[in-house]
Structures are given as C-alpha cells and as structure tokens.
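Asker: This is what each chain is made of:
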Amino acid sequence: MRAFAMCLTAAALAAAPLRAQSPDTGQGQKPHLTGELRRDIGRIAQSADLPHVPPADSFAIGGRTIAAGTTVSGTVAVADGPLEIGGRVDGDVVALHGDVVVRAGGVVTGDAVAIGGHVTLDGGSVYGEMRSLSDLGPAGGPTPAAAAPLTTWGAMKLVLGWFLVLAIIAIGVLMFAEHNLNGVVAVLERHLARAFWVGLLAELGLVPILLLLVVALAITVIGVLLIPFAIVAYVIAVAGLLALGFLAVARFTGSGFLHPDPTAKPRSVTLRSLFTGLAAYLGVWFVVAALTWVPAAQPVLRAIALAVTWVAVTAGLGATVLSRAGTQHERAPTAGRGGGGGGASEALAWQTPTPVAGVAAARRPVSPTREAP
Amino acid sequence: MRRAFLAAAAAAVLVPAAAHAQQTWHTLEVSRQLRDTSELRVHVQYGAGRFDLRAATTPVLYAMDLVYDDAHASPLHRFDAAAGTLEIGLKDVNMGWTDRPSDDDGKSRMNLALAPTVPMDLSLSLGATQANIDLGGLTLRGLHVETGAADESLDFSAPNRARLGTVTVDVGAASFRARRLANMNATALHVNGGVGAVDLGFGGAWTGDLDATVKVTLGKVTLHIPRDVGVRLALQRFLTSFDNDGLVERDGYYYSDNWDSAKHHLRVLVQTSLGNITIDRSLPATP
Chain L
1 MRAFAMCLTA AALAAAPLRA QSPDTGQGQK PHLTGELRRD IGRIAQSADL PHVPPADSFA
61 IGGRTIAAGT TVSGTVAVAD GPLEIGGRVD GDVVALHGDV VVRAGGVVTG DAVAIGGHVT
121 LDGGSVYGEM RSLSDLGPAG GPTPAAAAPL TTWGAMKLVL GWFLVLAIIA IGVLMFAEHN
181 LNGVVAVLER HLARAFWVGL LAELGLVPIL LLLVVALAIT VIGVLLIPFA IVAYVIAVAG
241 LLALGFLAVA RFTGSGFLHP DPTAKPRSVT LRSLFTGLAA YLGVWFVVAA LTWVPAAQPV
301 LRAIALAVTW VAVTAGLGAT VLSRAGTQHE RAPTAGRGGG GGGASEALAW QTPTPVAGVA
361 AARRPVSPTR EAP
Chain V
374 MRRAFLAAAA AAVLVPAAAH AQQTWHTLEV SRQLRDTSEL RVHVQYGAGR FDLRAATTPV
434 LYAMDLVYDD AHASPLHRFD AAAGTLEIGL KDVNMGWTDR PSDDDGKSRM NLALAPTVPM
494 DLSLSLGATQ ANIDLGGLTL RGLHVETGAA DESLDFSAPN RARLGTVTVD VGAASFRARR
554 LANMNATALH VNGGVGAVDL GFGGAWTGDL DATVKVTLGK VTLHIPRDVG VRLALQRFLT
614 SFDNDGLVER DGYYYSDNWD SAKHHLRVLV QTSLGNITID RSLPATP
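Those protein sequences? They're chains L and V, same order as listed. Under the numbering used here, think of the first position of the first sequence as 1, with each following residue one higher. Under the numbering used here, think of the first position of the second sequence as 374, with each following residue one higher.
Just chain L, same shape as in the assembly (with noise of 0.2 Å):
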C-alpha cells in the first residue's frame, strides 16, 4: 500500500514536467496575470491594429512555443515572453512585451504582431503582415489634448490673445496714466536715437542695479529683512518701465502709419495710434504663428520678430528712462540769444510774463515846476 502511494506519487511528479516539455506548451503553467497586464492586453486592439485580439485569461504567460509539426488555428498570444513558432498558425500572433520568433517550418498565415518586441523570420514564414511596436501607446487612448503639441491655430490664437491683453492695458494706461505715457512718446519723437542707447545700457544695467541694492541692503540687519521684499519692488518696477516704454513705442509706431486728421479729438488720436501700433507689432509675431506649419521656416522668423520686439521695448525703456516714467516733460525749444528768425513766439519771447490779472498803470510823476505852455 505504501508502494503503491509512493508510487502515484512519483507519477504526479513526473507528469508535472513532462506536460511542461509537450510540443505544444500552451497548456504549461500559468504564470500570474496581473490587473496590469490585463489592462495592457485590453489596449493591444486599438494599438497593434488588430481587431481580433482572444480574453485575457487565454495569453500564455511568460511565452509559449508552437513546436515543429504542429498546427494550431486561431489567434496565438502571449505575454512576457517569447513566442517561437516551428510550427504552423493557422491565424495571427501576438507578443506582448516579447518576441516573435519563426523557425525554419514555421508558418503564420496571418499577421504576426510584437508590442515591445520584434518580429523575426529565422527561416519561416509570414503570410500577413508583420508589425513591431516599441510600446502600447499612452493609457486612455491618444495623448490628452492640453498635453499636445502648439499648432498652427493654437499659435495663432495665442498672439489674438496677447494681443487683446496688451489692449486692454493699453485703455488702462490711457484712463491713469495718460500723461506719463505722453512724456516717454515725446521723448521717442525727439530722441529716438538716444533713447535706443539709453534703453540699452539700462538692460545691461538691471542686473547689476539689483544686486547692488541687494549689496547696500544687506549692510544693515533690517536691510537683509527687507531684501525679499525689495527685489519684487525692483521687478515690478521693471517691468512697469517696460510696459510703459513699449506702449509709447506703439503709440509713436502708430502715429507714423496713421495719416494726421485735424479735426479728430486728441483721445482719439491717441487710442487709434496706440491700437495700430500694437496690431504693427503682434502682426510680426501673427506671422510667426500663422507658418507654425513649416518648421524650416520657424527659427528665422522668430529670430526676426524677436529682434523687432527687442528693439522696440529698449527703446520705449530708454525713452521711459530719459523722461523719468514720463513725468519730466521736454520745454520746447526758444530762439538762440543773437536772434535772429521771424515768428511770433521769437517776436514775443522777450517780453515780461504778463500776470492774468492786468497790471494797474502806473501814473508818471509829473515835475511840479513844469508849465503849459
């Protein structure tokens, strides 16, 4: 009787590897089959285009080999391993993350698909069509759309946007600080030149400008405190002169493309200047955008919009610079001292100011010893 159990015993052991080394091995151990590999073999129909992918629960797990001499129909699939076929399928195969390999003999009469994997013929044949994919592609179909790359419309929706931004500012500065903005366009219009410059040195300038004031500031304990605080007011104060120095350089931009109406209201010269002078400048970069769709054509058209770009913010910075943020508004300029020149202004220039008031007139001291004649 014991014998006999020992026996049985041994024959179950046996039997085990035996199975394990059958021609075809479909039916050998299964290896686990995790919610995530379930979830991958889900996503192989959308992904390796094959529509006629079996369950889950019928993928070999750790990979399976289709011995010569044997035929096997219907679709062959595997996960985690390698799939070699010496025999033949009558139908597709698929590998996920493995292999495919078919042996001299082999044939598939369908496609032969590896997703993290490749497909080799080492002798064999394919009927179909061989496909090898790096990987599955992202979880949940295509790349979401915030996660995709700018396109031609987007950029282009972009700039309209910047674009209505900068007008809205624009009316902003307008209705508070109207008259700052005048100073820095009267600055421009006089010194376009030296505000370029200026505008220049002041952007070499404002690193060092920084960490100077950082330097004073830490000499004191109650400076180091304040350093954090003193470098947003720093920054805010840069990009306040900028945004000031560009809007004058589109004001002054769109006056020149803008033909002289006497009878308009000033306002109203002001706003159409200003609005063309943006609508100038974004439509550099509206172009930009619009040829998004060549890329050849990207680097020297942004090179191109950046460098008009440059130009104009340092220069309006310059000119923001040289009229103290628009507050120091230019005299205008008088006659030289020799004379010269006609003019009424030059006629009258040497006069007293008159007070608004009137002058009482004087009477002239008569000598009392003179007589009428």
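Mixed in with the good hints there might be a few duds.
Quick partial rundown of chain V residues pointing at chain L, CB under 7 Å, derived from the structure [said to hold, decoys possible]:
no. : residue
1   : His399
2   : Thr400
3   : Leu401
4   : Val403
5   : Ser404
6   : Arg405
7   : Asp409
8   : Ala535
Think of the hints as simulated: they come from the structure by calculation, not from any bench. In this text, a Cβ means the ideal position worked out from N, Cα and C, and glycines have one as well.
Got chain L; can you put chain V on it based on the hints?
Answerer: Using the frame of chain L, we list chain V on its own:
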C-alpha cells in the same frame, strides 16, 4: 493704480508667446514578405519629418520603419491584395494646416523600402519633409510626386525596370533636386513648382527622347544636361535672367549645336517669373 497697470503690461509683453507640450514618441516596423509580383498601386503619405525611400534589398513587398508622435498622427498601412493597392505612411489626425504642430525636434522619420521586382504605380504625398528618395532599380509604370514645404532630393541611381509614361512632380514652397532623370525611362516629365529652387539633372542611361516641362512661379531653375544629348529649349519668362551655356536661338527656341546629330533629344519648356534659369551642359556623355 498706474504702476499696477504698467506692471501687468510689462508681464504681458515679456512672457514668451510660444510653449511646447509633451509628446509621445513610438516606433513601428511594418513589413510583408514578397509572395506575389502582380502590379501594385502604391500611395505613400507622410506629413512632416525626415523621409527616406529606396528599393528593398530583402525579399519583402514593403518594409516601413516609422518614428512618430501619436498625439497628432497615426500609422497607415493598408494592403489589399485583391485590389492590388497599398496605402502606407503616416496619417495626420487633424488634417488642417492650422493644426500642424510646431517643430518636433527632428525626431519624426519614416524609412520605406519597396520591392524592386513588383511593377507599381507610385504616388507620393509629402508635407513639410526633408526627403531623400532613390527610386533606382524599382519597376515603376507610373510616378506622381506631390510635396508641400519640403527639401526633397530625388534620384534614380539605377535604371527603371519598366517604361514610365508621364512623371508628374508638384512642388510647393520647396527646394527640389533630381538626379539621373534619364534612368526614369520615361517619355515625359512635368515639374510644377511654387516658390523655390528646382534643380534637375538629366544624367543616366538614355533610352529615348524626353519631353520636360518645368514651371516655377518664383524661383531658380537649373538644368544639368549631358553634352551629347540634343537640347531644344522653349522659354516663357518674366523678369528672369537666363544663362544658356552655348545654346543658340532659332525660330523662337534655343538649340544645342548637336541638335540635329544627337542620338537622343531633350525638349524642354521652362516657365518662370522673378527668377533665374541656368543651363549646365558640363555633365559627361551618356554611357
């Protein structure tokens, strides 16, 4: 209040206008063993990136190697044995020009090999690509090439195994160079260019006469012709300079001095505006 507005304006001006988002790149290799040499109509479609096409050196009907971003493109590989058609390449998910993405850092590419012994009618639709196409050794019975904004190089490194009828090349805003066009074994060549440079080399093995029409709206046309081939050139130009390299004008055409005695002839009509036409006859005599 003033300063707040100015600060906001400054931020709006200074923030960069472009932004790039994450892309997901995949590699796909597709091939099919060669079993049948029946005639095939092949349509290749590729939007943007590097494109390479040549005759296969292994026994495959076609073999495609693709690197693409699946956010805006999906692979195309449809073979219909019964209808004798093959559509292959990369299909844009959003087809409009406004939806084309910005620079993909040069990762996108497609390498395609076609069976040299299968007679085929080949049609190429290329977008903004950098293309190297070598059709030498194929068996082409029809050829149509359409490119958008491309830098394209077309070569016939070996003679075409079949007789081609009319070859049509439509070039958009692009640079197009072709070499050894005599190896096409074609009867006619039409090149329609938009804005760009068209450089055509007529070297190779001449088996018969060739009629060529080259139309470029705005750009430069350069023709390289072997010196033993007779040339007759018709010009329709506007504000275009012409460097004729020894051609003689007669009856409204420009003739080479060997036109009457040459074994093979090239009849060319060139139409261009605001450009330059150059005829180069320094190519060696045909073998």
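Asker: Decide, hint by hint, whether the structure agrees.
Answerer: Structure-based check of all given hints:
1. His399: Holds, about 5 Å.
2. Thr400: holds, 4 Å
3. Leu401: holds, 6 Å
4. Val403: The hint holds - valine 403 of chain V has a Cβ within 7 Å of chain L, the shortest such distance being about 5 Å.
5. Ser404: Given a least distance of 5 Å, the restraint on serine 404 of chain V holds.
6. Arg405: holds, 5 Å
7. Asp409: Hint violated; aspartate 409 of chain V Cβ to chain L Cβ min 11 Å, cut 7 Å.
8. Ala535: violated, 26 Å
In the structure shown, a violation is registered for the earlier hints numbered 7 and 8, in ascending order.
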